[in-house]
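Participant: What follows is the residue order along each chain.
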Amino acid sequence: AQKITQTQPGMFVQEKEAVTLDCTYDTSDQSYGLFWYKQPSSGEMIFLIYQGSYDEQNATEGRYSLNFQKARKSANLVISASQLGDSAMYFCAMREGEVDMRFGAGTRLTVKP
Amino acid sequence: NAGVTQTPKFRILKIGQSMTLQCTQDMNHNYMYWYRQDPGMGLKLIYYSVGAGITDKGEVPNGYNVSRSTTEDFPLRLELAAPSQTSVYFCASSYPDGRWSTAFFGQGTRLTVV
Numbered sequence: 001a002q003k004i005t006q007t008q009p010g011m012f013v014q015e016k017e018a019v020t021l022d023c024t025y026d027t028s029d030q031s032y033g034l035f036w037y038k039q040p041s042s043g044e045m046i047f048l049i050y051q052g053s054y055d056e057q058n059a060t061e062g063r064y065s066l067n068f069q070k071a072r073k074s075a076n077l078v079i080s081a082s083q084l085g086d087s088a089m090y091f092c093a094m095r096e097g098e099v100d101m102r103f104g105a106g107t108r109l110t111v112k113p
Numbered sequence: 001n002a003g004v005t006q007t008p009k010f011r012i013l014k015i016g017q018s019m020t021l022q023c024t025q026d027m028n029h030n031y032m033y034w035y036r037q038d039p040g041m042g043l044k045l046i047y048y049s050v051g052a053g054i055t056d057k058g059e060v061p062n063g064y065n066v067s068r069s070t071t072e073d074f075p076l077r078l079e080l081a082a083p084s085q086t087s088v089y090f091c092a093s094s095y096p097d098g099r100w101s102t103a104f105f106g107q108g109t110r111l112t113v114v
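If you read the protein sequences in the order shown, they are chains A and B.
Residue numbers for the first sequence follow this note's numbering, beginning at 1 and rising by one.
Residue numbers for the second sequence follow this note's numbering, beginning at 1 and rising by one.
Think of the hints as simulated: they come from the structure by calculation, not from any bench.
You may find that some hints are simply not true.
Stated by the list, open to error - Using 25 Å as the maximum straight-line C-alpha spacing, the simulated DSS-like pairs for lysine-lysine come out as follows:
| # | chain 1 | residue 1 | chain 2 | residue 2 |
| --- | --- | --- | --- | --- |
| 1 | A | K16 | A | K112 |
| 2 | B | K44 | B | K9 |
| 3 | B | K14 | B | K44 |
| 4 | A | K3 | B | K44 |
| 5 | A | K3 | B | K57 |
| 6 | B | K9 | B | K57 |
| 7 | B | K9 | A | K73 |
Stated by the list, open to error - Covered, in the sense of this in silico footprint (three residues per stretch, anywhere, with C-beta under 8 Å from a C-beta of chain B), are these stretches of chain A:
| # | region |
| --- | --- |
| 8 | 19-28 |
| 9 | 69-76 |
Source: prediction; values computed, not measured.
Don't be surprised by glycine CBs; every beta carbon is placed ideally from N, CA and C.
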């Protein structure tokens, strides 16, 4: 069964606007971690933001914020004031247990000038 | 601070050949991982290690082997390469403290088996 689901294969956003990338997850654990990574065309994996399952507040890192809705098992990434350099693949991931980190299929974001 | 370093960056193998993908990290992380990323897909865990001398299988271990003789190094061995192993391979490491530590990735190795 798919642990991490990203339902948007591709998204477009106008420069300077905000965009939300969806992520839902499936787990029976009470304690887990959620991550978002950015993969530009150069191929490297860049860590963006982390949310722990027990964190009561939504995580924020600069222009990135994570809209965490635990009951709905969703962890959407919000990018504010999009920039051309935000064009990339974005992956949602979940860690259950010590080492098992599962990734979604990704969303390709294109920022239009 | 180099972080996680993978070599080579690119490699073409013939069917049946073998090779070792090298990975080293200088952050003193206990946990290290190997992932593969097929075109248009997310990452799948091949093998992982929680410390020197300790390794375990991930989601897709068939056709691969690993070893962890030091904290810094975690090589991935491909025996009898097959076209299905054409992929981009990522090595990663994470902090030893806490289950929710962020994984830091190497630049990736693009492998083509022909």
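Participant: All hints are to be evaluated individually against the structure, with a verdict given for each.
Facilitator: Hint check:
1. A:K16 <-> A:K112: holds (9 Å)
2. B:K44 <-> B:K9: Status holds; Cα separation ~19 Å.
3. B:K14 <-> B:K44: holds (23 Å)
4. A:K3 <-> B:K44: With Cα atoms ~12 Å apart, A:K3 and B:K44 stay inside 25 Å; holds.
5. A:K3 <-> B:K57: holds (18 Å)
6. B:K9 <-> B:K57: holds (24 Å)
7. B:K9 <-> A:K73: The given pair, whose Cα atoms are some 37 Å apart, is violated under the 25 Å limit.
8. 19-28: violated (count 0)
9. 69-76: With 0 residues in contact (Cβ-Cβ under 8 Å with chain B), the coverage given for the region 69-76 of chain A is violated.
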